[in-house]
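Chains as they are written, first to last, in this note's numbering: chain C, 296 to 382; chain Y, 19 to 156.
Keep in mind the hints are simulated off the structure, nothing from the lab.
Any given hint could turn out to be false.
Chain C regions said to be covered by chain Y (calculated; three or more residues, Cβ under 8 Å) [unchecked claim]:
{"id": "1", "segment": "298-311"}
{"id": "2", "segment": "314-326"}
{"id": "3", "segment": "331-345"}
{"id": "4", "segment": "356-363"}
{"id": "5", "segment": "366-372"}
Heads up, incomplete: computed chain Y residues facing chain C, CB under 8 Å, no partners named [said to hold, decoys possible]:
{"id": "6", "residue": "Leu25"}
{"id": "7", "residue": "Ile59"}
{"id": "8", "residue": "Leu91"}
{"id": "9", "residue": "Ala105"}
Rough simulated footprint, nothing fancy, chain C against chain Y, three-plus residues with beta-carbon under 8 Å [what the hints assert, rightly or not]:
{"id": "10", "segment": "27-41"}
{"id": "11", "segment": "44-53"}
{"id": "12", "segment": "63-70"}
{"id": "13", "segment": "75-87"}
{"id": "14", "segment": "92-101"}
{"id": "15", "segment": "108-120"}
Given the structure is predicted, the values throughout are model-derived calculations rather than measurements.
Backbone N, C-alpha and C fix where the C-beta goes; we use that ideal spot for every residue, glycine too.
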Amino acid sequence: MSHTLYGILALAEVAIGVLLVVRLAAGPTISDRIVALNTLSTQAALAVLFYAAFADRTIYLDVAIWLASFSYLGAIVWARYLERGLL
Amino acid sequence: MKTAAVLVLAVVGLFFSLSGAVGILRMPDLYTRIQCSSKTITMGALPALIALVVGEGVISNYASRALIVAALLMIVNPAASHALGRAAHKAGVPMWSGAVRDETAERGRRLDAGRDTDSDRESQDDEDGEGAGDGDRR
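Required output: the full structure, derived from the provided sequences and hints.
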């Protein structure tokens with residue numbers, strides 16, 4: 296019963312991510328796309344967590360931790376590129 | 019009882035996440051979108067993670083990983099949003115046409131007030147007593 300709830304939650308987080316893909320495709324500036332991508336990686340981490348609880352696979356939890364921590368690195372690198380023009 | 023708690027927390031988290039995504043879609047400006055991305059998405063992720071903790075029990079693999087992700091999000095998401103907003107402002111991303119105040123530009127102009135370079139992009143009032151009047155008045 297609770298596993299079905301986790302599956303529904305994972306699907307809902309993915310559906311929220313679809314809204315962010317629209318902004319990622321149609322952002323006027325490059326910064327809008329970076330914001331959408333950062334938020335999308337947060338939603339992806341949540342979806343992976345709930346999918347791990349849905350499918351009873353503990354190995355997927357590390358994927359979620361990786362996503363949540365390395366999206367920060369990506370955003371910082373993009374901000375540095377915007378600010379200085381080089382990486 | 020536990021399922022009801024999980025359901026309530028998940029619905030609250032999904033509501034905030036959905037409102038954050040709609041805000042990112044519909045806000046008129048990069049900076050307001052950053053506001054949605056930083057605050058609303060983080061506060062939508064936390065109840066969903068707490069729902070996972072409650073549903074699986076505190077002593078479990080899922081709960082420990084969910085708490086790690088929650089702590090990571092609370093530290094990392096505001097820092098990344100701040101870096102992005104600062105970099106975008108420095109790169110010259112325009113504000114919304116209805117914006118009334120740009121305090122970062124005002125502070126930058128106040129800092130190099132010695133060499134008065136450009137007075138063409140003054141917004142409202144930037145000559146009003148630097149010492150006493152730099153607290154925000156909103």
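Do the hints match the structure? See the list:
1. As drawn, the segment 298-311 of chain C meets chain Y at 6 residues by the rule of a beta-carbon pair under 8 Å; at three or more, the given contact holds.
2. With 6 residues bearing a CB less than 8 Å from a CB of chain Y, the segment 314-326 of chain C meets the requirement of three and the coverage assertion stands.
3. Under a criterion of three residues with beta carbons nearer than 8 Å to beta carbons of chain Y, the stated coverage of the segment 331-345 of chain C is upheld, 9 such residues being counted.
4. Proximity of the segment 356-363 of chain C to chain Y, defined as three or more residues with a beta carbon under 8 Å from a beta carbon of that chain, is established by the 5 residues found.
5. Interface restraint, the segment 366-372 of chain C with chain Y: holds (4 residues with C-beta to C-beta distance below 8 Å; minimum three).
6. Among the interface hints, the one on Leu25/Y holds; its C-beta lies about 7 Å from the nearest C-beta in chain C, closer than the 8 Å criterion.
7. Given the 8 Å rule on beta carbons, the hint for Ile59/Y holds: about 5 Å separates it from the nearest Cβ of chain C.
8. The closest approach between the C-beta of Leu91/Y and any C-beta of chain C is roughly 6 Å, which is under the 8 Å cut-off, so the hint is satisfied.
9. Because the smallest distance between the Cβ of Ala105/Y and any Cβ of chain C comes to about 4 Å, under 8 Å, the interface hint for this residue holds.
10. Under the rule that three or more residues need a Cβ within less than 8 Å of chain C, the assignment of the segment 27-41 of chain Y holds, with 7 such residues.
11. Taking a C-beta to C-beta cut-off of 8 Å, the segment 44-53 of chain Y contributes 3 residues in contact with chain C, enough for the three needed, and the coverage statement holds.
12. Beta-carbon proximity to chain C at under 8 Å applies to 5 residues in the segment 63-70 of chain Y; the threshold of 3 is reached and the given coverage holds.
13. A stretch counts as covered by a chain when three or more of its residues have a beta carbon under 8 Å from one of that chain; for the segment 75-87 of chain Y and chain C the count is 6, and the coverage holds.
14. As drawn, the segment 92-101 of chain Y meets chain C at 6 residues by the rule of a beta-carbon pair under 8 Å; at three or more, the given contact holds.
15. Beta-carbon proximity to chain C at under 8 Å applies to 3 residues in the segment 108-120 of chain Y; the threshold of 3 is reached and the given coverage holds.
Checked against the numbered hints above, the structure breaks none of them.
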